[in-house]
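Chains as they are written, first to last, in the working numbering: chain A, 1 to 116; chain B, 1 to 116.
If you are wondering where the hints come from, they were derived from the structure by calculation, not from laboratory data.
Glycine included, each C-beta is placed from N, C-alpha and C at the ideal position.
A few of these clues could be false.
Claimed, not checked - Okay, derived cross-link-like pairs now, PhoX-like style, lysine-lysine, Cα gap no bigger than 25 Å in a straight line: (1) A:Lys41 / B:Lys52; (2) A:Lys55 / A:Lys20; (3) B:Lys103 / A:Lys20.
Unchecked claim - If you only want the chain B side, here are some residues facing chain A, beta carbon under 8 Å, derived: (4) Val37; (5) Pro40; (6) Gly41; (7) Glu42; (8) Leu48; (9) Gly61; (10) Gly78; (11) Gln108.
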Amino acid sequence: GAVVSQHPSWVICKSGTSVKIECRSLDFQATTMFWYRQFPKQSLMLMATSNEGSKATYEQGVEKDKFLINHASLTLSTLTVTSAHPEDSSFYICSARERLANNEQFFGPGTRLTVL
Amino acid sequence: GDSVTQMEGPVTLSEEAFLTINCTYTATGYPSLFWYVQYPGEGLQLLLKATKADDKGSNKGFEATYRKETTSFHLEKGSVQVSDSAVYFCALSRHAGGTSYGKLTFGQGTILTVHP
């Protein structure tokens with residue numbers, strides 16, 4: 001089946017630094033990628049929708065200048081957390097929707113971000 | 001807005017027990033409903049789905065029926081196995097006409113642990 005990878009799987013950084021997370025569709029072309037955030041014991045919260053070659057659409061309450069999303073190709077989207085703070089610590093998950101018949105979303109394994 | 005509510009976990013069962021995980025939703029119109037499963041260390045995988053009222057989704061022995069009158073989509077399995085231990089997420093999407101799946105709204109997830 002379709003596989004989505006994320007890199008890194010976990011990252012620890014100092015407050016004030018920026019962190020980039022990659023999301024790749026390994027064996028299909030993804031017209032759309034989604035970025036989610038998951039707090040412990042809570043649901044996945046959609047942050048933004050990313051279409052290849054265009055600007056991402058952010059959900060209400062998500063700071064677009066803080067969470068920069070780039071969907072440069074049909075197989076790669078990146079999320080950059082700029083000037084990270086401890087409250088940005090979370091589990092970030094991406095999904096990719098393939099440009100085939102059923103447009104099902106496929107999820108990456110997630111990236112654990114800890115900001116010290 | 002749209003919302004999904006799942007029964008609180010964690011749920012602990014013995015092998016071969018009957019499983020029910022309740023899920024109710026709030027949405028305007030006619031959403032599509034999904035159950036996703038997340039095994040330890042892996043990304044979310046689509047377990048089953050239903051796109052209209054009275055549809056029954058099924059996969060790997062799991063079933064769920066789209067009940068519009070009770071706005072529910074409860075997950076059931078007659079005989080669970082140790083390998084079913086995972087986190088289960090109920091979700092809905094309002095843009096599900098034909099082959100298109102839009103943004104997903106997730107429940108909070110239910111942790112299932114099955115003991116031998």
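Which numbered hints are broken by the structure, listed smallest first? Numbers 1, 4, 5, 8, 9, 10 - these are the hints that the structure violates, sorted from lowest upward.
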